[in-house]
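Undergrad: For reference, the chains in residue letters:
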Amino acid sequence: MITLLILIPAIAALIAAAGDNKAQLAKRVAVAASLVCTIISGAMYLGLNLDGGLQFLEKVPWMPQVGVSYFVALDGISLPFVVLTSLLTLVSVLASWDEEKKSFFALFLVMQSALTGVFASLDLILFFVFWEVVLIPMFFIIGVWGYENRRYAAVKFVIFSLTGSVLMLVGILALAFGISSSANIPLTFDYSILRDHVSLVSSLPGVGLMFWGIIVAFLIKLPAFPVHTWLPHAHTEAPTAGSIMLAGVMLKMGGYGILRFNLGLFPQQMQDYQVALSILATVGVIYGAYCAMAQKDLKRMVAYSSVNHMGYVLLGIVSLTPMGIHGAVYQMVAHGLITGLMFMMVGFLSHRTHTREIAKMTGMYAAMPMLGAIMWAAFLGGLGLPGMAGFIGEFTALSGAVQNPVTAPYAYISLLGIIITAGFILYAIQRVLLGRAPGSNDHAHDDHAPSSSVTIVKHEASHAFHDLSFLEIAAAAPLLVLAIVLGLYPNALSPWIDSSAQALLNTVKVVALGVSR
Amino acid sequence: MDFNHNLFALMPVLPLLGWLVLIVWGKNMKEPTPGILASSLVFLSFVLAVVGFVQVSPMKEPLLNTLRWDFLPMWVSDAKGVLVSKPLQFGFALDHLSSIMTLIITGIGFLIHVFAIGYMHGDKGFSRFFAYLNFFIAMMLILVLADSYPVLFIGWEGVGVASYLLIGFWYTDVKNSDAARKAFIVNRIGDAFLMLGMFLLFMTFHTLNIHEINSSFGSVVIPNVTTISTGIAFGSPPLELAALFLLLGAAGKSAQLPLSTWLPDAMAGPTPVSALIHAATMVTAGVYLVARSHGIFANAPGASSWVMWIGALTAVYGALSAIAQTDIKKILAYSTVSQLGYMFIAVGSGAYWVGIFHVATHAFFKALLFLSSGSVIHAVGGEQDVRQMGGLREKLPTTHIVSLIGTLAIAGIIPLAGFFSKDAILSSVFTSPFGGDFSGYAIWAIGLIVAFLTAGYMWRWYSLVFLGTYRGHAHPHESSSVMTVPLWILAALSVVGGFIGLPHFLGKNVNWLEGFLEEAAPNALGFHEIPLWGELILIALALAAAVGGILFSRWIIARDGVNSAGWIATRFGNASRKALFVDQTYDIAVSAPAKFISEQLELADTHGLDRGIGALANGTAEAGASLSVWQSGFVRAYAIAVLLGTAILVGYLALRSFA
Chain A
1 MITLLILIPA IAALIAAAGD NKAQLAKRVA VAASLVCTII SGAMYLGLNL DGGLQFLEKV
61 PWMPQVGVSY FVALDGISLP FVVLTSLLTL VSVLASWDEE KKSFFALFLV MQSALTGVFA
121 SLDLILFFVF WEVVLIPMFF IIGVWGYENR RYAAVKFVIF SLTGSVLMLV GILALAFGIS
181 SSANIPLTFD YSILRDHVSL VSSLPGVGLM FWGIIVAFLI KLPAFPVHTW LPHAHTEAPT
241 AGSIMLAGVM LKMGGYGILR FNLGLFPQQM QDYQVALSIL ATVGVIYGAY CAMAQKDLKR
301 MVAYSSVNHM GYVLLGIVSL TPMGIHGAVY QMVAHGLITG LMFMMVGFLS HRTHTREIAK
361 MTGMYAAMPM LGAIMWAAFL GGLGLPGMAG FIGEFTALSG AVQNPVTAPY AYISLLGIII
421 TAGFILYAIQ RVLLGRAPGS NDHAHDDHAP SSSVTIVKHE ASHAFHDLSF LEIAAAAPLL
481 VLAIVLGLYP NALSPWIDSS AQALLNTVKV VALGVSR
Chain B
518 MDFNHNLFAL MPVLPLLGWL VLIVWGKNMK EPTPGILASS LVFLSFVLAV VGFVQVSPMK
578 EPLLNTLRWD FLPMWVSDAK GVLVSKPLQF GFALDHLSSI MTLIITGIGF LIHVFAIGYM
638 HGDKGFSRFF AYLNFFIAMM LILVLADSYP VLFIGWEGVG VASYLLIGFW YTDVKNSDAA
698 RKAFIVNRIG DAFLMLGMFL LFMTFHTLNI HEINSSFGSV VIPNVTTIST GIAFGSPPLE
758 LAALFLLLGA AGKSAQLPLS TWLPDAMAGP TPVSALIHAA TMVTAGVYLV ARSHGIFANA
818 PGASSWVMWI GALTAVYGAL SAIAQTDIKK ILAYSTVSQL GYMFIAVGSG AYWVGIFHVA
878 THAFFKALLF LSSGSVIHAV GGEQDVRQMG GLREKLPTTH IVSLIGTLAI AGIIPLAGFF
938 SKDAILSSVF TSPFGGDFSG YAIWAIGLIV AFLTAGYMWR WYSLVFLGTY RGHAHPHESS
998 SVMTVPLWIL AALSVVGGFI GLPHFLGKNV NWLEGFLEEA APNALGFHEI PLWGELILIA
1058 LALAAAVGGI LFSRWIIARD GVNSAGWIAT RFGNASRKAL FVDQTYDIAV SAPAKFISEQ
1118 LELADTHGLD RGIGALANGT AEAGASLSVW QSGFVRAYAI AVLLGTAILV GYLALRSFA
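Top to bottom, those sequences are chains A and B. Residues 1 to 517 in the numbering used here are what the first sequence lists, from first letter to last. Residues 518 to 1176 in the numbering used here are what the second sequence lists, from first letter to last.
Don't take each hint at face value.
Stated by the list, open to error - If you want a taste of the chain B side facing chain A, the calculated C-beta under 8 Å gives, among others: (1) I671; (2) F716; (3) G1032; (4) F1033.
Think of the hints as simulated: they come from the structure by calculation, not from any bench. Since this is a predicted model, take the numbers as computed values, not measurements. The beta-carbon is built from N, C-alpha and C at its ideal position, and this holds for glycine as well.
Could you put the whole structure together from the sequences, leaning on the hints where they help?
TA: This is the structure we're talking about:
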């Protein structure tokens, strides 16, 4: 089943690449493939046995001499991301229907295939291979279809990622060699086997370096402070669909990786470095929010808000409590939906206004009510409004962090981020959405003209902005609906997360939690 | 499914449906269909509220709906210290306290909906307006019906969003949307504290269910009360701290110092909004929160005395700021701030029913006053400056009469509603168990001064609008009956509303409200007794303050006329008009630094951190380039990676084999 999820988009990518030059075939193949994958992975999601174990196992030897195998399986933590990958690919393709290059769609399909592989691989080398493959399509999507500074952004993205990858590879190799020699077993990269010997990890020489080598790659992807600086560039330059995938799924590779490999294989080191990681998380929350507040470019603002949101994820994970880990995974899924939607709306908007500068847009709600309303909802979701998925994620992640005395102070400080987030989100809503629609003269209650001296986007007539098309609404709807459903009925996701979070935490020594009665 | 248990849970669902329908199809509806639809749904909710009231009246325990589901996944440690999953449920509870609130929200909400059909006539956003109003009612009902803090928080933030949408309703005006944003952000500061409070409560009680927390007092947790040298008692630290955080959350929503500055600006919204949200319902949510958390506050004497003091200071602040305002709605807005301060005094004193009593009476007369000023603004063509009014007594006879009733009611003239609730507040703070002797008497004295000021500025409001001769240029006309009928009903309530909470000395069981709330929000323990003559003196003094305020105001206006900028010295008048410069202080102390920090960090991010890491990367890339024969940038980078990786790996393995 999992192999199917990896193969379908890969084959579809080949078909798309061989299609006609107008990409008519390519986009249809892309929609069909991602739709089929969404349905299959959705069915797997519903069919998952919530006992916490790995399911849909497929294991074939690949390079048996060095203990590498093709080992894929899913559990309650990885499956939500696989569904998210298929869904967001579908949505991204729908959102870029005007694109006329077939390779664009082929690259998205390749990316979908590789991302599915990342979340499903349980062989460390296989994981690494998929991890690297993900880079390539994204590099071209930013570098070819991006805005003015696309080359700089794309190269920066790759260099950051590769730096992380190198360190991760070293960490993986060292870990595997270390375990095989100290447990006296043949060299293997099989996650299950390595995890069976997790008690040996702490005694390996240089284990701290291994831990940091592996986690740095994930922290870069997450992104955590101070290795987040590639993100604003990548997002600002990436085309809309690229940003959706980048924020929606690729950042989650980082959070997922920390959970699966750092927490799974280095439980003791997670505790040893708890404080350092909490500080990074807290700084990310507050620093990301402050930076977002200073942005003049709407897309960059949303990008920095991701730094803020992912800070909660990291804090939730390092709390090492069931609630914190639950919150982290929930927040990642919620962020994928809500921030994906935010980027989509910003993309649709700047496509129409030909600018992303906040100061140059005003009255967009009056000009395009549908786009305005959905953007409004997405932005409110982004500030963690209760009733939408982001709130559940933030709230449980922070509660989890509060439960652990070590991380509690950082959780309290992080609450400052919630206020600042409201500041920049409302600022953006006000400047961009509210105000008089450009070109309209009817404003019954408007005696005070806006005193702003900035040139507002000019256009010939009031009909120049067309509201969302049917296809664009179809692309936005699933994200919005899911964000609300998950905001009110968390049981659609929580049991899945919990089943596997429990299994992961089994190896963590019980920490003193809470004030007991 | 148990019908009887879930009927009341329909209350928020109906207006929520109205919102959905109006958002989706509202544009195709002709005026006044959206207004009628929205009003009738709120009326249906009111009917449900009445049914719920009847249902719950004889019950001792709250009525819980059975249709509930897991909302927040939570883990708590059991007796052995093992974490067990105990999800928090999304559920509603109706008890005597929430029942009173639902009656106020849906009842007054309905009247204001009807009024708005007339008031918003001809507005381009007619259906949008009613969509938002319905959304607000739904969220407010969720807030009061919630049986846990997180569900309450949904409503709490939801009303914030509704208020944001409605303040900025005429969103094409930058000033209005500025006001809306300010309101939301100041509220958000309070909300962050509320979340903090929730975390502490969760850590202390291992649950966030309000009824479980309240009922755990007296049986499980006995607060360790210590008295420090000042005579102020303190409960256990986590409890006091949690209560303090809840207080800060409540202060944000209820515009208490230091989070009070948003409310006067919020008057940028249409007048029915000011009446409904910024006078009668939403701003009282903070009072409700304290009353709802009575178990916590009753056992946190320290935090309770903070509640009283914040209330007292806010009451003075609001009253002083109201004195010299010239905008017909701003006077009422600062008056609301001040009256909310009164409510905080009441709930801080431990007499929770008194706070709710004043919530109710204030809802009657302040909604009445706001709608009356809406009627006046409507009549004089949008003018809001009281100096451009006057002499409207003959031209708007209905509005005049009801405004007079409202003015006397808020001033506290016997036997109107405000008299009884204000008297109850003053006597409860006089006898309060919290804050030591000094606080009780000092706050009582402040309350008395505020009563004097209230009567004064309200009489000024009334005189400048209705007495004398008309100074404006419009042609005032009385509003249509769709607007005047709600005014009459509210006026009637302002007259008789006080009789639900008659003072004790009139006989046993005359105080219906206190008895009704005995289970849901019982008084804190330890109120002092005062003799009958003492109580009579308190009442006489309160009445004297009210009458004195009116007389003083009459005298000043007779002496200085309309254009007396404030009645007292010019310098004070200026301070009052600027609301004691609190806003300006915030700009200097909070907004400017926040902006500065964010700009500096952004500079640091792009020029410092990014450049630094960029330089590191460039250095590596150049080193790689010199080693490499590859030309393309991408492949080159890859090559460095592989090279570096291999080098490090080989180095590591080499070291390991020597080790």
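Undergrad: Taking the hints in turn, state whether each one holds.
TA: Each hint, compared with the structure:
With a least beta-carbon distance of about 4 Å to chain A, the hint placing I671/B at the interface is held under the 8 Å criterion. The interface hint given for F716/B is met, as the beta carbon of that residue sits about 4 Å from the closest beta carbon of chain A, less than 8 Å. With its C-beta approaching chain A no nearer than about 34 Å, G1032/B sits outside the 8 Å limit, and its interface hint is violated. Interface restraint check: F1033/B against chain A, minimum CB-CB distance 31 Å, threshold 8 Å, status violated.
Hint check: violations occur at hints 3, 4; the rest are consistent with the structure.
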